[in-house]
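Asker: When you get a sec, could you build the whole thing from the sequences and use the hints?
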Amino acid sequence: MTRLSSEWRRTHYTKDVDESLTDEEITVMGWVHEIRDLGGIIFVLIRDRNGMIQLTAPSKEIDPELLEKIRKLRKESVIGLKGKVQESGKAPNGVEIIPSEIKIFSLANQPLPMDPTEKVKAEIDTRLDSRFIDLRKPSISAIFKIKSKMLHTVRTFFEEEDFLEINTPKLVASATEGGTELFPITYFEKEAFLGQSPQLYKQMMMSAGFDKVYEIAQIFRAEEHDTLRHLNEAISIDMEASFMDDVDVMKILNDLVQKVIINVKQDCKEELKTLEMDLEIPEGHFDIVTYDDAVDIVNSKDVPMEWGEDLSRAAEKALGKVMDGYYFLTEWPTEIKPFYVMPNEKNPVKSHAFDLMYKDLEISSGAMRVHQHDLLREKIAEKGLNPDAFGGYLKAFEYGMPPHAGWGLGADRFNMTLTGLKNIRETVLFPRDRRRLTP
RNA sequence: GCCCUGGUGGUGUAGGGGCUAUCAUGUGGGCCUGUCGAGCCCGCGACUCGGGUUCAAAUCCCGGCCAGGGCGCCA
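Okay, so the first sequence: first residue is 1 according to the numbering used here, each after it adds one.
Bear in mind the hints are in silico, worked out from the structure with no lab data behind them.
Idealized CB from N, CA, C, for every residue including glycine.
There may be inaccurate statements among the hints.
Derived PhoX-like pairs (lysine-lysine); straight-line CA-CA distance at most 20 Å [as the list claims (entries may be wrong)]:
1) Lys301 <-> Lys145
2) Lys75 <-> Lys119
3) Lys149 <-> Lys301
4) Lys84 <-> Lys60
5) Lys170 <-> Lys190
6) Lys321 <-> Lys422
7) Lys422 <-> Lys359
8) Lys259 <-> Lys321
9) Lys301 <-> Lys321
10) Lys422 <-> Lys273
11) Lys269 <-> Lys149
Cβ-Cβ distance ranges computed for the label pairs, FRET-style [said to hold, decoys possible]:
12) Asp248 <-> Pro111: 55 to 65 Å
13) Lys90 <-> Lys251: 50 to 60 Å
14) Thr186 <-> Arg436: 21 to 31 Å
15) Gly320 <-> Ile41: 52 to 62 Å
Answerer: Okay, structure coming up:
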């Protein structure tokens, strides 16, 4: 009874139904958004992924069996509707459908776990528990349409720049890399971990001679952070390129961010409007602030900060007030950056590492890397890590490694800057945070 | 992990030692032939859990669980 037989195929999305189709018999598929039964006439709003159309049923003029079916409908049920398009100044889009046949694919239970029409707001926790309904709201699906456009632009951009898309393992053996906490898992009779970053693998691809690579993939971090900008599972856009330095890859990052903003602004007008987001296309090169300058700026805003410290949240906020939009933070102290970051030749206390910031939010970090085996081994030891645990990685530096540089861009954080959202959970379909593992 | 705040019908809320626990939305039924946040009538539906104080606890106290926010952590 509820099988999709060959006669039941969509002919139009609701947004494509207009006056030009007047008197034509069409088929739409969607969710029952609203039902207004006035007795002598019934209106049903049918919603699909791009819009809505009104079904209008004057009770005396349509088949009683069909009328009974319409009266049985409940909100958010999924139906197919066949009918004739009619022009009407009184209908929401100027057109409505007079039904000839209805197929009820699934009746929705009542009451609904939350209100998809947004008449009554729901809290984020309630929304995430019923994410499948939450995502039916245009203001929420807009976030993911923008995200899709962003990721598509990234792939097109790298393709045009002659990069190879790669896939590195997310099941990794070593917990000795230091830094962030990892999620341990059982790997047959061994212990393994979920990958925190493709860093070491994308560097090994430089030794392999792939020259320019990128990867868009999940990263996992077992930190017990509890903020609006951290997740335990996130999407990272990573790139690495040989015979380039930090300045070269900053240029690539700059161009990519601009390209994404241009495309989103051009192709996601409706979505940006729904989100009340006025995207500005940054002109030319992003501002560059050296770490030294940043320390001065932060201190001048009465947030105490010593040279050599990482930015506290207060320092980020102070900096974000002075620097609007996107900007690079460069010349970081070598001490607070990872072992693979190249120190400055003349002053090794400083490094060739940079961050890309958007106001007070770090969205990317990158660097020119150490490509000399002996120096790399030394720097691993300096960080208190055991170089022997990096055997597979270090080996790639022993038999011909070009100089190289790269960065990682947090896709979800980048999406926050495109959509104006304050909570990173909003930009992920099914976020994984400290407490949430379902749905 | 620390600090602050909170947890009341499906959803969002008001109340803050003793009344039939407020309102909106929803939901079930009824009326209505142009609704579009439809309207009107009738009904339905809730105090996070455990312990304590008290004649009396949704309300005060303690603890748990959960949530929101801030910070820390985040090679």
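Asker: Taking the hints in turn, state whether each one holds.
Answerer: Okay, the hints, checked on the actual structure:
For the given pair, lysine 301 sits about 39 Å from lysine 145 by alpha-carbon distance, which is inconsistent with the 20 Å threshold. This hinted pair checks out: lysine 75 and lysine 119 have alpha carbons roughly 14 Å apart, not beyond 20 Å. Of the pairs offered as hints, the one joining lysine 149 and lysine 301 is violated, with about 38 Å between alpha carbons and a cut-off of 20 Å exceeded. For a cut-off of 20 Å, the pair hint linking lysine 84 to lysine 60 stands: about 17 Å separates their Cα positions.
In summary, the hint linking lysine 170 to lysine 190 is supported, as the alpha carbons are separated by about 16 Å, within the 20 Å threshold. Distance restraint check for lysine 321 and lysine 422: the Cα-Cα separation of roughly 16 Å lies within the 20 Å cut-off, and the hinted pair is therefore satisfied. Distance restraint check for lysine 422 and lysine 359: the Cα-Cα separation of roughly 12 Å lies within the 20 Å cut-off, and the hinted pair is therefore satisfied. The suggested pairing of lysine 259 with lysine 321 is violated, with an alpha-carbon distance near 25 Å, which exceeds 20 Å.
Distance hint between lysine 301 and lysine 321 is fulfilled; the C-alpha atoms sit about 10 Å from each other, no more than 20 Å. Restraint check for lysine 422 and lysine 273: the C-alpha separation of about 17 Å stays at or below 20 Å, so the hint holds. Proposed proximity of lysine 269 and lysine 149 is supported: the alpha carbons are some 12 Å apart, at most 20 Å. One distance hint, 55 to 65 Å for the beta-carbon pair aspartate 248 and proline 111, holds here, with the actual separation near 58 Å.
About 56 Å separates the C-beta atoms of lysine 90 and lysine 251, a value consistent with the hinted range of 50 to 60 Å. Distance hint for threonine 186 and arginine 436: a CB-CB separation of about 23 Å, consistent with the stated range 21 to 31 Å. As the Cβ distance of glycine 320 to isoleucine 41 is approximately 55 Å, the hint placing it in 52 to 62 Å holds.
Hint check: violations occur at hints 1, 3, 8; the rest are consistent with the structure.
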